[in-house]
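Required output: the full structure, derived from the provided sequences and hints.
Here the protein sequences come in this chain order: D and C.
Numbering-wise (the working numbering), the first sequence opens with residue 1 and increments by one.
Numbering-wise (the working numbering), the second sequence opens with residue 289 and increments by one.
Worth flagging that the hints you see were computed from the coordinates, not collected in a lab.
Misleading hints may appear alongside valid ones.
[Claimed, not checked] Taking lysine-lysine pairs in the BS3-like style, the calculated list, with each CA pair at most 30 angstroms apart, reads: (1) D/Lys-218 with C/Lys-313; (2) C/Lys-313 with D/Lys-23; (3) D/Lys-72 with C/Lys-313; (4) D/Lys-253 with C/Lys-376; (5) C/Lys-376 with D/Lys-218; (6) C/Lys-376 with D/Lys-147; (7) C/Lys-529 with D/Lys-72; (8) D/Lys-23 with C/Lys-529; (9) C/Lys-313 with D/Lys-19.
[Unchecked claim] Coverage of chain D stretches by chain C, computed from C-beta distances (three or more under 8 angstroms per stretch; other residues unrestricted): (10) 212-220; (11) 246-260.
These numbers were taken from a predicted model, which means no experiment stands behind them.
By construction, the Cβ of each residue, glycine as well, lies at the ideal position given by its N, Cα and C atoms.
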Amino acid sequence: MIEIHNLVKQFPHRDANGKNVYKTAVDRLSLEIPAGEIFGLLGPNGAGKTTTIRMLTMQLLPTSGELRYMGKSVRGHEQEMKQLIGVVPQHVNFDLDLTVGENLELHARLHHMGSRERATRIRELLEYVELSSVVNENVRRLSGGMKRRLLIARALIHRPLILFLDEPTVALDPQVRRRIWELIRHMAKDGATVVLTTHYIEEAENLCDRVAILHCGKLVGLDTPGNFCRRLGSFTVEWDGEESRSYQFFSEKREAAAFAATVEGSVLIRPTNLEDVFIELTGRKEGL
Amino acid sequence: MGSCLYDVWTVFWRDWVVLRRRMVKFILSRMVAPMLYLVAFGWGLGRSIQVDSGSYLDFLIPGILALNSMNISFNSITPVHAERVYHKSLEEYIIAPIWPYAFLIGKVLAAILRGLISSALFVLLAFCFGAHVALTPLFLLVLALNCVIFAELGFYASMKVNTYEEMGQVNTYILVPMSFLCGTFFATSALPEALRVVIECLPLTHTSYLLRGLGSGMEVAMSSVFVLGLYALFLFLLGSKAFLDLRK
Numbered sequence: 001m002i003e004i005h006n007l008v009k010q011f012p013h014r015d016a017n018g019k020n021v022y023k024t025a026v027d028r029l030s031l032e033i034p035a036g037e038i039f040g041l042l043g044p045n046g047a048g049k050t051t052t053i054r055m056l057t058m059q060l061l062p063t064s065g066e067l068r069y070m071g072k073s074v075r076g077h078e079q080e081m082k083q084l085i086g087v088v089p090q091h092v093n094f095d096l097d098l099t100v101g102e103n104l105e106l107h108a109r110l111h112h113m114g115s116r117e118r119a120t121r122i123r124e125l126l127e128y129v130e131l132s133s134v135v136n137e138n139v140r141r142l143s144g145g146m147k148r149r150l151l152i153a154r155a156l157i158h159r160p161l162i163l164f165l166d167e168p169t170v171a172l173d174p175q176v177r178r179r180i181w182e183l184i185r186h187m188a189k190d191g192a193t194v195v196l197t198t199h200y201i202e203e204a205e206n207l208c209d210r211v212a213i214l215h216c217g218k219l220v221g222l223d224t225p226g227n228f229c230r231r232l233g234s235f236t237v238e239w240d241g242e243e244s245r246s247y248q249f250f251s252e253k254r255e256a257a258a259f260a261a262t263v264e265g266s267v268l269i270r271p272t273n274l275e276d277v278f279i280e281l282t283g284r285k286e287g288l
Numbered sequence: 289m290g291s292c293l294y295d296v297w298t299v300f301w302r303d304w305v306v307l308r309r310r311m312v313k314f315i316l317s318r319m320v321a322p323m324l325y326l327v328a329f330g331w332g333l334g335r336s337i338q339v340d341s342g343s344y345l346d347f348l349i350p351g352i353l354a355l356n357s358m359n360i361s362f363n364s365i366t367p368v369h370a371e372r373v374y375h376k377s378l379e380e381y382i383i384a385p386i387w388p389y390a391f392l393i394g395k396v397l398a399a400i401l402r403g404l405i406s407s408a409l410f411v412l413l414a415f416c417f418g419a420h421v422a423l424t425p426l427f428l429l430v431l432a433l434n435c436v437i438f439a440e441l442g443f444y445a446s447m448k449v450n451t452y453e454e455m456g457q458v459n460t461y462i463l464v465p466m467s468f469l470c471g472t473f474f475a476t477s478a479l480p481e482a483l484r485v486v487i488e489c490l491p492l493t494h495t496s497y498l499l500r501g502l503g504s505g506m507e508v509a510m511s512s513v514f515v516l517g518l519y520a521l522f523l524f525l526l527g528s529k530a531f532l533d534l535r536k
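Following this line, the structure appears as C-alpha cells:
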C-alpha cells in the first residue's frame with residue numbers, strides 16, 4: 001500500500017526577469033495505491049511524473065507532504081523503506097565498467113543479500129529475462145531491449161514489494177515492448193505493487209488497473225482506463241473541422257451516429273480511448 | 289555498525305573488481321609520469337643540482353611521491369562525476385538501502401588503494417635510480433592521509449561540477465599549481481614571502497615536507513600531521529554534505 005498526502009516539490013528557478021523564484025514541479029499530490037495494483041502515471045512532458053517517481057523512490061526529498069509505505073512513514077525510516085522498493089529508471093544507468101552479472105551482484109550486495117542467495121537469485125532472474133547467455137558480457141555490448149530487460153531483472157533482485165518503472169518501454173520496438181508488458185503483468189501477479197509512468201497511452205490502457213493523469217504538477221484525473229472513457233463518453237465522433245481535427249463524445253452509439261449525420265465531409269465513429277481522455281484533461285497533444 | 293562496514297565494503301568491492309581486471313594497465317600507465325619525472329629532474333637536471341641535504345634525487349623523491357599520490361587519488365575518484373552526470377549509475381547507490389556515508393568512504397578507500405599501489409611502484413623505481421628513502425609507519429600514514437585528502441577533494445568536485453570541461457579546470461587551477469609549488473621540486477623558502485605563506489598552508493606542502501623529513505630520518509613537525517588530519521576531516525564533511533545534497 002502506498003499513501004501519498006499533499007506531496008509538493010519545488011525547485012529553485014530563474015524567471016524571465018532573472019529573478020530567483022521557486023517552480024512547483026509537483027503540487028499537493030495525494031494518492032492511495034493498494035497492494036497488487038498496476039498503477040499508471042500519465043502526463044505531458046513537464047507534468048511532474050518523473051519528479052513524483054524520484055520522490056517516491058527517495059532520490060529526491062519532497063518540499064512538503066507525506067509518503068507512507070505499508071502504513072509506515074518514509075521519513076526517518078528510509079533505509080528500511082528502500083529495501084521494499086525496486087526501481088526501473090527511465091535511462092539505462094548500469095555501471096559500464098561491470099559485466100551483466102557484476103551489475104546484478106552489486107545491486108544484490110547493496111541490498112544486503114548473502115552470497116548464496118545472491119548467486120541463486122541472479123541465476124533465476126537472468127533466466128526469467130532470458131539473458132543467462134550474456135552474464136559475463138560487459139553491459140555496453142547489450143542491445144537496447146536486452147538492457148531494458150536487465151534493468152527489470154536488477155530491480156527485482158531483492159524481491160521488492162513495490163516496483164517503480166519510469167518509462168519502461170521508451171524507444172523500444174513493439175515486440176520488445178510487449179515482452180516487457182508480459183514481465184510487468186507477471187510481477188503484479190506475483191503480488192508486487194507496480195507504479196509506472198509512460199508516454200504511451202496504449203501501454204497504460206493495456207497494463208494499468210488505474211491511471212492518474214498529471215498536468216503542470218497537479219492531479220487532474222484518477223480512475224480506471226475504462227471508467228475514464230465511459231465518463232467522457234464511450235463513443236467518439238471525429239471529423240475534419242475548419243482549422244483542425246474535431247472530436248465530440250457520446251455515451252450511446254446511436255447519439256454519435258445521429259451527430260455524425262449532421263457533419264459534412266469525412267466522419268469517423270469509434271470507441272473512445274485513453275488518449276482522448278488525456279487530451280481532454282491536459283488540453284494538449286504534444287509530449288504524448 | 290556491521291551493516292555500515294558491509295556497505296563500505298560493497299562500494300569498495302565494485303572498485304576492486306574494476307581495478308583487479310585492469311591491474312596491468314593501471315600499473316603500466318601509473319609508471320609513466322613518475323618515470324619521466326625521475327629521468328628529467330633526477331638524472332637530467334638533478335645531476336647538476338646539489339641541495340643542503342645532499343643529492344637532489346633524494347630531495348626530489350618525497351616531493352614526487354606526494355604529487356603522484358595526490359594525482360592518482362584525485363583522478364581515481366573523479367569517474368564518480370561521470371557516474372553522476374552522464375551514466376547516472378550513481379542513482380543505484382542513492383536508491384539503495386545503504387548507510388549514507390558508505391559511498392564516500394568506500395570510494396575514498398578505493399582511491400587510497402590506487403594511490404598506495406602507485407606510490408609503492410614509484411618507490412621501487414626510485415630505489416632502482418639509487419635513491420634513499422626510509423619507509424616508516426608514519427611515512428606511510430602521511431602518504432595515506434595525502435591520498436585521503438585528494439580523494440575527498442576529487443569526490444567533492446565530482447558532486448559539484450557539472451561538465452567534463454569544468455572537471456578539467458579543477459585539475460588545471462588546483463592540482464597543477466600545487467604539483468609545482470608545494471615543495472615538490474624545490475623548497476618553498478625560494479618563493480616570494482606572500483606566496484610562500486599561502487603555499488605553506490596547502491596540504492601538499494605539508495605532505496612534501498613530512499615525507500622528505502621522515503624519508504631522510506629527520507625530526508618532523510607533528511603539527512603538519514595534525515593539519516593534514518584537519519584537511520581530511522573538513523573535506524570529508526564537505527563531500528558528505530555534497531552527496532546528501534544531491535537529493536534536494
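Hints versus structure:
With a CA separation close to 53 angstroms, the supplied pair D/Lys-218 and C/Lys-313 exceeds the 30 angstroms bound. For a cut-off of 30 angstroms, the pair hint linking C/Lys-313 to D/Lys-23 is broken: about 48 angstroms separates their Cα positions. Our distance criterion of 30 angstroms between C-alpha atoms is broken by D/Lys-72 and C/Lys-313, whose separation comes to about 50 angstroms. Restraint check for D/Lys-253 and C/Lys-376: not satisfied, since their Cα atoms lie roughly 50 angstroms apart, outside the 30 angstroms limit.
Of the supplied pair hints, the one linking C/Lys-376 and D/Lys-218 holds, its CA atoms being roughly 27 angstroms apart against a limit of 30 angstroms. Between C/Lys-376 and D/Lys-147 the CA atoms are separated by roughly 15 angstroms; this keeps the pair inside 30 angstroms, and the hint holds. With a CA separation close to 27 angstroms, the supplied pair C/Lys-529 and D/Lys-72 stays within the 30 angstroms bound. As the CA atoms of D/Lys-23 and C/Lys-529 are separated by approximately 24 angstroms, the hinted pair is consistent with the 30 angstroms bound.
Proposed proximity of C/Lys-313 and D/Lys-19 is contradicted: the alpha carbons are some 51 angstroms apart, above 30 angstroms. Only when three residues or more bring their CB closer than 8 angstroms to a CB of chain C does the claim for the region 212-220 of chain D stand; here the count is 0, and the claim is violated. Check result for the region 246-260 of chain D against chain C: violated, 0 residues qualifying (beta carbon to beta carbon below 8 angstroms, three or more required).
Taken one by one, the earlier hints fail for this structure at numbers 1, 2, 3, 4, 9, 10 and 11, listed in ascending order.
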